[in-house]
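J.: Chains as they are written, first to last, in my numbering: chain B, 1 to 452; chain Y, 1 to 452.
Please keep in mind that the hints were generated in silico from the structure rather than gathered at the bench.
Each residue gets a CB set at the ideal place from its N, CA and C atoms; glycine is no exception.
All the given hints hold, so there is nothing to weed out.
One side only, chain Y facing chain B, incomplete, derived with CB under 7 angstroms:
#: 1; residue: Thr-5
#: 2; residue: Ser-252
#: 3; residue: His-436
Letter by letter, the chains look like this.
Protein chains: 2
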Amino acid sequence: MTTPTVLKPRSGRAVGDRLARSARAGEGIGMPSEQVPAWLEARRRAVGAQVRRIPFAELDQWSFEPGSSNLRHHSGRFFTVEGLDVRGPQSSWQQPIIVQPEIGILGILAKEFDGVLHFLMQAKMEPGNPNLVQLSPTVQATRSNYTKAHGGTNVRYLEHFLQAGPHQVITDVLQSEHGSWFYRKRNRNLIVEVSGDVPLLGEDFGWFTLGQLKALLQQDNVVNMDARTVLASAPLGVDGQQALSSDTEVMSWFTGERSRLTLDAHLRPLDGIEGWLRDSHSIHRGDHRFFRVVAVAVEGAGREVAGWSQPLIEPVAPGVVGFAWRSFGGVGHVLVNARAEGGFLDTAELGPTVQCVPANYTRLPASERPRFLDLFENPDAGRIRYSAMHSEEGGRFLNAESRYLIVETDESSTPAQAPPGYRWVTPAQLSLLAGHSRYVNVQARSLLSVLR
Amino acid sequence: MTTPTVLKPRSGRAVGDRLARSARAGEGIGMPSEQVPAWLEARRRAVGAQVRRIPFAELDQWSFEPGSSNLRHHSGRFFTVEGLDVRGPQSSWQQPIIVQPEIGILGILAKEFDGVLHFLMQAKMEPGNPNLVQLSPTVQATRSNYTKAHGGTNVRYLEHFLQAGPHQVITDVLQSEHGSWFYRKRNRNLIVEVSGDVPLLGEDFGWFTLGQLKALLQQDNVVNMDARTVLASAPLGVDGQQALSSDTEVMSWFTGERSRLTLDAHLRPLDGIEGWLRDSHSIHRGDHRFFRVVAVAVEGAGREVAGWSQPLIEPVAPGVVGFAWRSFGGVGHVLVNARAEGGFLDTAELGPTVQCVPANYTRLPASERPRFLDLFENPDAGRIRYSAMHSEEGGRFLNAESRYLIVETDESSTPAQAPPGYRWVTPAQLSLLAGHSRYVNVQARSLLSVLR
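With the rest of the complex left out, here is chain B:
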């Protein structure tokens, strides 16, 4: 007895075309885009959470482990804050880092209404978000979440991402997160299309077209980091077939950069890492650069549990994340930078042209400032193709805001023949790489989400 065999096309224009159609749909079957800010505000009020800074001693269920001083939850789950020792060719340093080995799920449910793909987004509260509630993926869950480590409620819609079913996967890829703050973290970025009925399981969910999400990405602090990275992982609707470098040349350049850039990073006890001090409320550098580890209590929230406290990482000042953009022969390109970050599993990934917190460099000589930073500090209005404030994952980072920019530059500031460590690629090339693990870092993926 032979199972009848049905072959299918390995890939098709179909999904890309359908994503492009959704991107052209300025409104959908759900809430109009202009009502989203009021909805998020209403959700903020409904959640009614207060986030209050507390001393480490007031953390509930979290403590510094005797011996290592690593900060951990009594259950051994969620994450730990440990020490990292990084040795590189140019510099070596130690720092605190979040260790969270389990793979979380960032999943967006998609469904066609009136022939247009819509995406189910959640208005979700995260304690580190400057405005608490932002548009998030349908599901944003660590394994601890959905195996109920905090005795919480079920994660709504999770079953669509865990079980095989009559689904069509649009994207499914393990992506890295912040290599400066997370040790080898990765999340599964998923978009799954369903054909059956999907009821709205609460007032915190709504369906949006890609066109609506694109418009919302123009606003400050509306679309959260998890939503941005999942959207960036989806195939680009339009893919140009011409570029300054062939795909093989880009790959070969990246392989060379990954071979060349070496950082030797090892976990060590948080206790006594060089250059860092701990007081009652924070772990910070003696010179107050980079970031600090702090603790917050979340009160009165209607989230998975009634209230909780946890550590967060808080950068010392807002960041700048920017792509230089140029048109070559009528085709838009962005300038990527191969970056080694201490927490990356495989040393280097492609980041934006600039990714830094400028305040960290104010007291240093100009020669030590990040290359190309000046292009993003006071760009001419006419050269700004994109500008919005976004924050990083509010479950781990407190007020980690950056200005995300795409700025048109020219041959004098950013030559076509890019300097070592940099390369011009098209959004289509970046999107192709973002379909695989560990090529495009989370900041570059955020910018890629607005390039489609």
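Fit chain Y to the known structure of chain B by using the hints.
T.: Relative to the frame of chain B, chain Y by itself:
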């Protein structure tokens, strides 16, 4: 002043078509294929090397480090043999493992003669090869090699792979090696096409078409592992556009497997790893399964240095590496297995249907034998699509021979709906994944090199 901009196609059929043309060329401008065995034999005599097993105490420049008992070279270079502690959901174990953090270069130079791509191969002696001399890439060099850690001679042709030049890169990707024997090893697999004159720098080099290399891959122990993995990394000349699963479905399945399969592996001192014993001549398991660490002296060789001694890993018996092959709707598919191996950087990669040393299981109940192994032990001659003995890297492994097989199977033994952990993919799909790091393991890449 603006640099004139020349856009190029991101990818083209050109390289694939030219590789396919070379694959159809049964002979080339160099040595006829039938003369290769005699040439390798002549090179074997010319090199005149003897490989002799020695006790560890006779190793020159290598010793067991006080404290850890890790086996290392006095220079601190080349590689070390350390201990690995592996904890998995089904089983946990400890083992010796080779640690070699530096990224080596496996490079094949390509050049067109009479409109057909030829590849520059070297008849290279490696002490662990059962027949010492095999066809190798143009360059096969660790960083220690080419920075002359053993005070050796220059690596011929290396400059083509280190310097940018008027070259066309055909493939350039970091690939993993044996996850059971190497800790997070990767090599840069390169094929670089040159247009200028390339003199033959010795009697150990020759130009071959892909068709010749395909024919030589049918013979036992002629094409070495490094050559096989580089050839497997090149784009497949012919790519079918139909398959049982779409590329996105294959990716999603693999992402799920990589999320599901977890192995926690940590280096530890070689001293006192559980289940292993050290005597004067070897480090081996008490039950003599899997492999042993041994030492050899290489004498009278005309290689980079006149003679040397080194440790090698020696499997206890020959292995079996096999793909089940089926045609679905007229399109050939192979059955890949998502495998976690202790030394992989990212937990899991796609391996062949079967990859094991059967002797390790002879004393175990049938239920503990590797799945599908019986299909490869005595297959009907009519079902064998490929069969040859190949050995693994002779610079690290002693007599590590396996029978490489591709066997046609049917619905009763290998259903179209593959069991968990397995999936049918086309050679074109496997080739696409082999163009990126850490998807296809080295054994599956060896088989992919014969599937083109």
